[in-house]
Structure formats: C-alpha cells, structure tokens
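All chains, please: the whole structure from these sequences, using the hints.
So you can see what is in the structure, the chains are spelled out below.
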Amino acid sequence: MAADPVNALPNPPPAPESVEEIAAGLRRVGYLPGPSTALVAFLATKLGKPVLVEGPAGVGKTELAKALARLLGRRLIRLQCYEGLDEAKALYEWNYRKQLLRIQTESDEAGWRDVQEDIFGEEFLLQRPLLSAIASEQPVVLLVDEVDKTDQEFEAMLLELLSDFQISIPELGRIEARTQPVVLLTSNNTRELTEALKRRCLYLWLDYPELEHELHIVRLHSPELDQRLARKLVEVVHRVRELDLKKPPSIAESIDWARTLILLGAGELDQATFAQTMSVILKHRTDLDTVAARVGVVLEPADASAPAA
Amino acid sequence: MTAPGPPPDSGLGPRAPGGFAGQLLAFAEELRQEGLAVGTSEILDAFGALELLRWSEQAEFRAALAATLAKSPEDRHVFELVFERFFFRATEAEAARRRIGEGGGDLPGEQEINLDTLRQQIAAALRDGSEAALRDLARLAVAAFGEGQGSGVLGVDVQRIRRALGLRAEPQPELGEGDPRRAGIPREQLRRFEQHLRRELERALIERTATLPPKRPLGELDRALPSGPIQDLAAVHRVVAQLKRRLATEGHEQRGRRRHAQVDVRRTMRASLQTGGVPVELRYRPRRPRRPEIFVLCDVSTSVTSASAFFLSVLHALHDAFRKLRSFVFIERISEVTEVFERERDFRAASEAISRDAGVADVSGYTDYGRVWEEFLALIEDELHPRATVIVLGDARTNGRPPREEVFAAITARAGRTYWLNPEPRLYWNYGDSVIAAYERHCTAFECWRTDQLEGFVKALTRSTVS
Numbered sequence: 001m002a003a004d005p006v007n008a009l010p011n012p013p014p015a016p017e018s019v020e021e022i023a024a025g026l027r028r029v030g031y032l033p034g035p036s037t038a039l040v041a042f043l044a045t046k047l048g049k050p051v052l053v054e055g056p057a058g059v060g061k062t063e064l065a066k067a068l069a070r071l072l073g074r075r076l077i078r079l080q081c082y083e084g085l086d087e088a089k090a091l092y093e094w095n096y097r098k099q100l101l102r103i104q105t106e107s108d109e110a111g112w113r114d115v116q117e118d119i120f121g122e123e124f125l126l127q128r129p130l131l132s133a134i135a136s137e138q139p140v141v142l143l144v145d146e147v148d149k150t151d152q153e154f155e156a157m158l159l160e161l162l163s164d165f166q167i168s169i170p171e172l173g174r175i176e177a178r179t180q181p182v183v184l185l186t187s188n189n190t191r192e193l194t195e196a197l198k199r200r201c202l203y204l205w206l207d208y209p210e211l212e213h214e215l216h217i218v219r220l221h222s223p224e225l226d227q228r229l230a231r232k233l234v235e236v237v238h239r240v241r242e243l244d245l246k247k248p249p250s251i252a253e254s255i256d257w258a259r260t261l262i263l264l265g266a267g268e269l270d271q272a273t274f275a276q277t278m279s280v281i282l283k284h285r286t287d288l289d290t291v292a293a294r295v296g297v298v299l300e301p302a303d304a305s306a307p308a309a
Numbered sequence: 310m311t312a313p314g315p316p317p318d319s320g321l322g323p324r325a326p327g328g329f330a331g332q333l334l335a336f337a338e339e340l341r342q343e344g345l346a347v348g349t350s351e352i353l354d355a356f357g358a359l360e361l362l363r364w365s366e367q368a369e370f371r372a373a374l375a376a377t378l379a380k381s382p383e384d385r386h387v388f389e390l391v392f393e394r395f396f397f398r399a400t401e402a403e404a405a406r407r408r409i410g411e412g413g414g415d416l417p418g419e420q421e422i423n424l425d426t427l428r429q430q431i432a433a434a435l436r437d438g439s440e441a442a443l444r445d446l447a448r449l450a451v452a453a454f455g456e457g458q459g460s461g462v463l464g465v466d467v468q469r470i471r472r473a474l475g476l477r478a479e480p481q482p483e484l485g486e487g488d489p490r491r492a493g494i495p496r497e498q499l500r501r502f503e504q505h506l507r508r509e510l511e512r513a514l515i516e517r518t519a520t521l522p523p524k525r526p527l528g529e530l531d532r533a534l535p536s537g538p539i540q541d542l543a544a545v546h547r548v549v550a551q552l553k554r555r556l557a558t559e560g561h562e563q564r565g566r567r568r569h570a571q572v573d574v575r576r577t578m579r580a581s582l583q584t585g586g587v588p589v590e591l592r593y594r595p596r597r598p599r600r601p602e603i604f605v606l607c608d609v610s611t612s613v614t615s616a617s618a619f620f621l622s623v624l625h626a627l628h629d630a631f632r633k634l635r636s637f638v639f640i641e642r643i644s645e646v647t648e649v650f651e652r653e654r655d656f657r658a659a660s661e662a663i664s665r666d667a668g669v670a671d672v673s674g675y676t677d678y679g680r681v682w683e684e685f686l687a688l689i690e691d692e693l694h695p696r697a698t699v700i701v702l703g704d705a706r707t708n709g710r711p712p713r714e715e716v717f718a719a720i721t722a723r724a725g726r727t728y729w730l731n732p733e734p735r736l737y738w739n740y741g742d743s744v745i746a747a748y749e750r751h752c753t754a755f756e757c758w759r760t761d762q763l764e765g766f767v768k769a770l771t772r773s774t775v776s
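From first to last, the protein sequence lines stand for chains A and B. Start counting the first sequence at 1; every next residue gets the next number (this note's numbering). Start counting the second sequence at 310; every next residue gets the next number (this note's numbering).
For the record, the hints were derived by calculation from the structure and aren't laboratory data. Beta carbons: idealized from backbone N, C-alpha and C, even for Gly. Check before you lean on any hint, since a few could be wrong.
Said to hold, decoys possible - Far from chain A, some chain B residues (derived; all Cβ distances over 10 Å):
1) R341
2) L449
3) Q481
4) R501
5) H505
6) A513
7) L582
8) R592
9) S664
10) L688
11) N739
12) D761
Said to hold, decoys possible - Residues of chain B clear of chain A, computed beta-carbon distances all greater than 12 Å:
13) F454
14) R477
15) R507
16) W758
To be verified - As a list, the in silico PhoX-like pairs of lysine-lysine whose alpha-carbon atoms are at most 20 Å apart:
17) A:K247 / A:K149
18) B:K633 / A:K247
19) B:K633 / A:K246
What follows is the structure, given as structure tokens:
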C-alpha cells in the first residue's frame, strides 16, 4: 500500500528480490549476515513486518539495522529506549512554548474557538522518532533499540504503530504512514517482552557466530591484522566464551581486540600480550581473574616465539 | 490417489486434510501441544513468508518457519526438536501410506560389503565430521549388521551395531597403525552417529511394519536449553532473572497513573524570571527509577541441610542478578558472605568457602533466631531504608530459644518489604519448635523448596503490588 514507487527516492536502489540478493547486498555494505539473518531481513522487506532481533549484547543487532539502511538506501531513524521513556520523547510533543506565544499574540482579537483550532495544528507538533519515521515522505528504516529497557506501557503504545503503522493523536486524529518503514526492534533479553508485541514481529535470534564466520567478520573490520594472528585471536575468544563469565566477549570485543593488537604492533598472541590486552575483551574484574587462570596459561610464554616481537 | 488404506491400528491415521496447508497446521498444533503460543496471526505470517521463498532448501524453509513461529530462545529450541520429529514422522507416514520403500537391504552387491572397510570408513567420516556421509554410512551399517528383525528395542540395536563396528570412546591400541579408531573416538561424535543409526533403524522399522510408533513427547531435559552445568541451578537462575525484572519494574504501574512528572514549582518560577514572570518553560522534578536493594539472610543450620544447597544456589543466582545485594548466612550468629559470592563464580566453590570460613556456628550448632535478629539489626540498622527488600531463607525452628519477634518486627518496620521463604511444607509450619506464625505477622511467608515454588513466589510478588 504505502511502498508505491511514487513516494520512493528519486533513484533508490532496486529492492532486493531474493534472499541471495539481500545477503550479497549486506556483504557489500560491510555486514556479514549469518544463515538466517539474510532470510529474515528479506522477509521483513517483503512482508512489511517488524523484526524483533534478540541475542547477547554486541553480536551486531544494531549494526544489522544500519547495514539494512545502507543497503536499501534509506534514512535510519533510531529510537534508543531506556527506563522511563514516554510518548513525549518517542512519539510527539506539543510545542508548548510556541502555543503559549501564539495565544498571547492572538488573545485580544481572536475568539477561543479560532485559537484552539490554530494551536493544535501540525505546526505546533514536535516530531519525535516514531512519528517522523511514519510521517517521512521517503521510506525509512526505523530502529527501536533495546526495547526491553522500556516499561510495558510503552510497549503497548508501540503495538498500534507496529501493526497498522499509524499513530493516534487525540487532538489531530489518526496519522497514517505515508510510506512503510522497515522496523527493527532489538532486545538484550533482560525482560520478557509481551506476547502481543512478539506476535506482531518476525523473530531473529542472533547468537555468537561460528569460528569461521567470526574470523571473516574480524578480517573485514581489521584487514591489516595478520591472518594467522586473527585466527588465533578468534580461537582464544571462542575459548573464553566457553567459560562461565559475567559478560562473555562479543563480536564487538573481538574487533576491538584486533584493533588493539594492530595498534600495539603485536606480532604474536602470547601470554604477555594476552595479559596486557585482555581487559579489552573482559569487562569485569572477576572475569579477568577467571580467564587469566584458565586461558592465559595455555598460551605460549612470551619468549618461546619470535624474539623480534 | 488409489493407495491402499493403511492397516488398522497402524498409528498412521488419515493424512491431515488440506494438503500442505493442512500439514503446516498440524505442525503448528504440535508446537502448541509442546507449549508454544502459536496464534492464528503467526500461522498466517508463516504462510506469507513461505510464499516468498523457494522450498528447495530445507534450511530456508526451516528458518522461515522459525522466524514466524518461535519467538524466544527457549521456543526456538523446542521448535527445532518438534520440527525434526514432525517432518520425519510425516515423511515416513506418507511413504508407508504409499508403500514406497527405500529398498533397504537390496543394496547392490550387498554381500560384498567389506565389513572392515565399512568400519574404517565410518571412523574416518566421524573424524572428518561430514553429516551427509555419516547418514549414508549409517544406512549401510544398518543394512550390514541390522539383519533380521533386531531385538525390537531401538536402543539395544543401536548399541549392538556400534559394538559390531568396533567404535569405542576408549583408545584401542591393539588396532593397526593408521586405523582412525586407534586413538578412540570422541564421545560427542559417537553420540551423533548413534543418532543417525537410531533414525535409520526407526525408518526401517516403519517401512517394515507400515505402522508409526507413538511419538515421544519432549522430556523436561530435552526442552531445557543446554546451558547450565547443573539443570537445577540453571532453573534457579532463570527464576531469579524473573525476580530481578519484577523487583526492577515494581512501582512502575503507580508511575503510570501520573505519567508526567511533577512540576517543580520553585524551579519553574525561577526559570520564568527570564520571560518576565510568564512560566513559559516548565521545570519537572526528576524521576528516579527505583533501584532494588536487597538483603538476604540464609539459614545454613543442620535442620535445613537438605534445603540449604537449594538456598545457596538461590543466593548465588541472586548475586549474579543484582549489584546492590548483601547476603548473610546464619546459624547461631550471623556472618556476611557478600564477598564470597562476588569472588567465587563457581557455585560449589562458593558453598565450600562458606562452610569453611563463615564461622556462624558458635557452641551448639542450633539456630538461634533471636540472637541473629539482634546481630543483624546491629550490623545494618543504618542501612535499612524503605526501599530495601529483606528476604529470609529459613525454617523458623528456634530449638526452644526465644523467637524475639519484636526485634524481627523492628527490622521489618525499617525495611520496605520483607519476605520469608520457608523450605518446609506448609503442613509442618508451627508444629514442634517452628514459630513461623510469630514472624509471619510481620512479613509475607512462602513455602519454597522447589524451583516452581520459587516461581510462585516471584508471581506472588507481582500480585501483591497490584493490590
């Protein structure tokens, strides 16, 4: 309905027509999709359903939305959720000051009826992310980040938006989407989302990737890193993930670590380098202790390998 | 189609009506039976998704169904299991109905299968981890060793074939150099091959008898995500995660009634000076979300020995979930163990450390609640405040000593909320030296010695906030 070509960009990239096409496209814009990621992204663009992306922190949930926006040539509108987020911050707000000024300038001549009609017009409406995603002339990608941080009332409000792509404003009536956005919701699974919200979404579970897949990702983001070293790094990260940690390292941490090693000019991942840099991938003191005791010791000692490094 | 009807009592039943759509609905129905909330809208989505895809790839078909039908990690796990079971059975039932055989046992040159070569090939395939090759080899192995009707018990046949192939986890030094079985085969791979064998045997059985065995419902063990080392511990952690959410969002519904923050009159007036006294800019009182602060007291005396492992695991899980948590263990005296739990990630190590150096037993080793309350109050009197939650884990058996409920009342009066989790069945409460009634007047008590009761406690927590 809304995705008709009249409203589209002057020359938007053609919408992907198959799963392979979208997978290739994502790879082109620098995102290596896992097996079901491309499929779900394809379904989302075709079915016009929002996607709920869940998974541990730092596996590329937000990145997926950015990549999709690049791929589809659309603007990315992001709504970062937090505890206590409300309609005024997410949907719209009346520009109270402007309304006041309007009343003051008009108060003498105009009657109440005129003023009332005046001050509740679109001119006095402050668009917040959700409203601007819907009202946009060109289709956008809407990212509702960390939706599990909000409270249930906010979730309920999202429902109207997600199922019908419309927003009710009491003073104005219903605002319907001019174009249909691609919506992604991410969640770190800190709170069970309501059934109603899940029901309206496609579901994508992003987990820590397989070793080879992660190796590709790391090499994509830091191509300067020596290939052998990159493999070693990913292997160590995988071993660290097997331990019972408070916060296991994610892909983001692997990439950070790779960059750190490049900056330090490390030629070898040995005990000394590991001890120096492991705070890049571990964010808790207790985790550091555990990993130092379990993983650090199995690496080669510093002097065993190339003395030049 | 003029396929002869299945024999009576074959378990095949009529095929689900409506062709493919019917099968998909039957699949959704099975998911529902296993506890997934699959609604009509989800099924519609699944059909919508399948319209867009080629079906030649099983992985794609499966991923599309998963994305539309199973919407949490737990659901996803159950989905995988049900998917395997359902489509395997559906295919086999259809094959049996149409009397399509695989011709198993008529493999070309069956007699010439060199058993030794087969053994080696299987071991090599296991080492290389090729799934497709393993499936073919499992079929060959069933053809070679599964002759006759077998014992009729799949598990027995699987083990018989495995032994005949000489596949063992232990090293077999008597075998020749270069034999892939020499160093032993990892258990994980053996298990995978056994699964293939089981499946092939099942297939052969269905084919031979043209009946479908009753499906096995998923056990609690299959259903659980393979995460925790101890199943119970994982369950406790799950419930505690729930508890965390409940405590964290408590009071939000109250906030909902007065959604918008309160206007801070003083600051608004001040800001209005800029605009000549017209309050153009409203200033609000900042809203501070509630941060739960929890004190847990855990009885570790002998009268609760059986429950204390459970309690300690609850404590352990609580520590993982909350930052502002202080925990105490007590028998005759009280001792803070917050440190221990923060240091020890491993549950067993933590409980050992506590039994070793907490020093809570004094003379008799019997719980002295009165003294514990006094010590607790003295320790943290200044830190208790209306936003704090106190949770007591204990059986309230005082061994004849004075319960001192007035001290306990003082604690509950200072703390915002107090909960008591009692590991004894409610039936035994207040019998013998149990004085839970005296304490229950000042707090809410729950019977709690299993994870589902812990779950009940968490649920009750939400209910109590609504009223």
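A quick look at each hint next to the structure:
no.: 1; hint: R341; result: 14 Å, holds
no.: 2; hint: L449; result: 30 Å, holds
no.: 3; hint: Q481; result: 28 Å, holds
no.: 4; hint: R501; result: 17 Å, holds
no.: 5; hint: H505; result: 22 Å, holds
no.: 6; hint: A513; result: 32 Å, holds
no.: 7; hint: L582; result: 16 Å, holds
no.: 8; hint: R592; result: 13 Å, holds
no.: 9; hint: S664; result: 21 Å, holds
no.: 10; hint: L688; result: 25 Å, holds
no.: 11; hint: N739; result: 37 Å, holds
no.: 12; hint: D761; result: 17 Å, holds
no.: 13; hint: F454; result: 34 Å, holds
no.: 14; hint: R477; result: 26 Å, holds
no.: 15; hint: R507; result: 26 Å, holds
no.: 16; hint: W758; result: 25 Å, holds
no.: 17; hint: A:K247 / A:K149; result: 18 Å, holds
no.: 18; hint: B:K633 / A:K247; result: 18 Å, holds
no.: 19; hint: B:K633 / A:K246; result: 16 Å, holds
The structure shown violates none of the earlier numbered hints.
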